[in-house]
Amino acid sequence: MTDAFPANRGHDSTPIKMESRDLSLYYGKNLAIRTISMKIYEQTITALIGPSGCGKSTLLRSFNRMNELIPGVRIEGKILFHGEDLNAKDVDPVAVRRRIGMVFQKPNPFPKSIYDNVAFGPRIYGYKGDLDTLVEQSLRAAALWDEVKDKLGTNGLELSGGQQQRLCIARTIAVEPEVILMDEPTSALDPIAAGKIEDLLQELKEQYTILIVTHNMQQAARVSDLTAYMMIEEEDRSGVLVEYNRTNELFTNPIMESTQDYITGRFG
Amino acid sequence: MNRRGENFRSDANVFPGKPLRSLQEINPNIRRSYRLGKVFQWIAVAATGVAVLVLAILLFDIFADGLSRLRPSFITEFPSRHPEEAGIKSAIYGSIWIIVLTIIVSLPLGISAAFYLEEFAPKNRLTEIININIANLAAVPSIVYGILGLTLFVRAFALGRSVLAGALTMGLLILPIIIIASREAIRGVPGSIREASMGLGATRWQTVRHHVFPRAFPGILTGTILALSRAVGETAPLIMIGALTFVPYVPGNIETIRDVIADPIALITFAPMDGFTVLPIQIFNWVSRPQQEFHVAAAAAIVVLLVILLTMNALAIYLRNRFEKKGPQNR
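Chains A and B, in that order, give the protein sequences. Residues 1 to 268 (my numbering) are what the first sequence spells out, left to right. Residues 1 to 331 (my numbering) are what the second sequence spells out, left to right.
Keep in mind the hints are simulated off the structure, nothing from the lab. Check the hints yourself; a few may be wrong.
Said to hold, decoys possible - In silico DSSO-like links for lysine-lysine, alpha-carbon gap of 27 Å or less:
#1 A/Lys-106 <-> A/Lys-151
#2 B/Lys-123 <-> A/Lys-78
#3 B/Lys-123 <-> A/Lys-29
Using the sequences plus the hints, can you model the full thing?
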């Protein structure tokens, strides 16, 4: 049988950051994703692609336990973070989310000043250092500093969509996570704003492990090192992992037929 | 002729096999729908007109009756056997006491309950039962709260016919309304804000404290003021617990700020335990008198009550508009 998951065998001898092992997730009685095993490598951008409803976002949100905010969610299998079970009884989900940050589909800045948006995370952690410096660093890292340095007191909601999304990235960076999960971060943005975020991802990769869900295959091809293709199983509508490979391999020489169908636009 | 230069002439049939219709020709179904729409519109206008007219007549009648009695002395004098000397001082003080104590009793309880139910409570059968019961409680007739207040506060807690007993009863009466209004306001805070906060590693409490509460607060405030204005107009439960109808003093005899400074302890010890009356009861009392002059006094008191209610509702609307302008609500 052909192995459709070469990326699970290793990636340029990069250390493994996170890993899902036979992960299944139920919403009530409905199986949303089924026995997904994939390894996420350090300082690598991994893209999750696939048709709507295939469970990409569900999988993504499992990686920092955001799913358990939804009533009736149950998981089977394991998620490991540095080899530790993320869902172990003595692991606090709040601690998990401090190390594995998240950027959402729709820019969702707090209705507060730009400064307070970035400072919120460090403040609730009781950050002792120089907050002004941290805010500046985070905004610089999110390539937003030059645009907002003279109006840090302005409400975050007054920025443009693309700026708002970079503010959300800055906010996430400010708490110094190790992994950043991104759920279609550019789908609500125009192409120019989206392009800025894509450029930003390449810089962030130097420091962070990034897992990104995207609807846009060109985007996955442009920004990611590894790509995972998910699809919906016919009989029970659950999401399964079909193929996980180097991005250029997956797009130019897909192993599975359904991957081929999807990337050539014949399906989904 | 090339495609771009082609003219769509009105006599050219673009879809072969389908008869061409002019734009002036209107489908009979649409014509009927238009007519129905017009009819409905007129019914709606008439219904609104009736409601406004009745209110206008009522207001006109009351103002015509009561305006002659509205002098400063009407507000600064205690009630009296002589209708032309009678005033509503004790009733106004009583009403203010009831409002303030009711806020103190019901606001913290109501907001806490609303936050618990919306943000912290597990979604199970018990919560479901609680939800249904709160909705039911909001619909219980106020006289029933009066009976409860009489049994519980006046007798069992031995508070007597005091301001405190009245405020506790009123507090219970409006508690469900405050809870429902607050929950509505909390639910209005977009989920994306909660996700953003939790995603940053904030705890549930930090999320509520820093994001949900500040955004829900204007809505909570508005709902609370509207609930309070209901309490201000309530008569039945206070009559039930035995609020007095003739009160020639104010609770604790505290009339001015100077009295408060002179004996601040009395404000929280004696005054809440004193007897009281409120505006609606004073009105009720005067209306049931045979003398015409008392009816005039009642009309004047109604005007005062209406002004108070109008002010409270205006405040609620003002606060809502003011806070809503601060940021888009649905992001």
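So, going through the hints one by one against the coordinates:
A threshold of 27 Å between alpha carbons decides the hint, and for A/Lys-106 with A/Lys-151 the separation of about 23 Å falls inside it, so the pair holds. Among the hinted pairs, B/Lys-123 with A/Lys-78 is consistent with the structure: their alpha-carbon atoms are about 26 Å apart, no more than 27 Å. Only pairs whose Cα atoms come within 27 Å are accepted, and B/Lys-123 paired with A/Lys-29 is accepted, the gap being roughly 16 Å.
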